[in-house]
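Residue numbers (numbering that gives the first Met the number 0): 0 to 97.
Everything hinted at is true.
List of simulated lysine-lysine pairs, DSBU-like, C-alpha gap at most 30 Å:
hint, residue 1, residue 2
1, 11, 38
2, 11, 93
3, 82, 11
4, 38, 68
5, 11, 33
6, 33, 82
7, 68, 82
8, 38, 93
9, 38, 82
10, 90, 68
11, 93, 33
12, 33, 90
No lab work stands behind these hints: they were computed from the structure.
From a predicted model like this one, the values you see are computed outputs, not experimental measurements.
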Amino acid sequence: MLMLMLTPYIEKDLTNYYYPKILKDFSSQVTPWKIEIIKTRRVNDFRGFILQITFEIEPTGIQYNPVGKDRMTYEITYGPEVKLINHTHLKTYKYPPE
0 MLMLMLTPYI
10 EKDLTNYYYP
20 KILKDFSSQV
30 TPWKIEIIKT
40 RRVNDFRGFI
50 LQITFEIEPT
60 GIQYNPVGKD
70 RMTYEITYGP
80 EVKLINHTHL
90 KTYKYPPE
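I would like the entire structure built from these sequences, with the hints used as guidance.
This is how it looks when you write it as structure tokens:
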């Protein structure tokens with residue numbers, strides 16, 4: 000359920016990174032099963048409901064072929080407010096020609 004809630008935010012941030020800098024003909028897509036949780040932590044120890052979650056994501060292109068690998072950290076607060084804290088591009092995969 001967490002992945003479904005955060006997928007639109009992740010997809011928007013990855014599209015801003017990949018299109019048109021890396022992918023010129025189409026924008027990347029994110030599928031929830033290609034998102035892995037790396038780390039979670041509560042900000043201010045246990046005195047609030049502010050979470051920081053780090054994900055490792057493989058965005059896909061046409062026909063679900065992976066186009067790269069990224070590590071992204073989001074801060075999630077009540078409301079819900081979702082804010083990108085850090086984005087590290089780890090790898091770009093060679094996309095197969097059509």
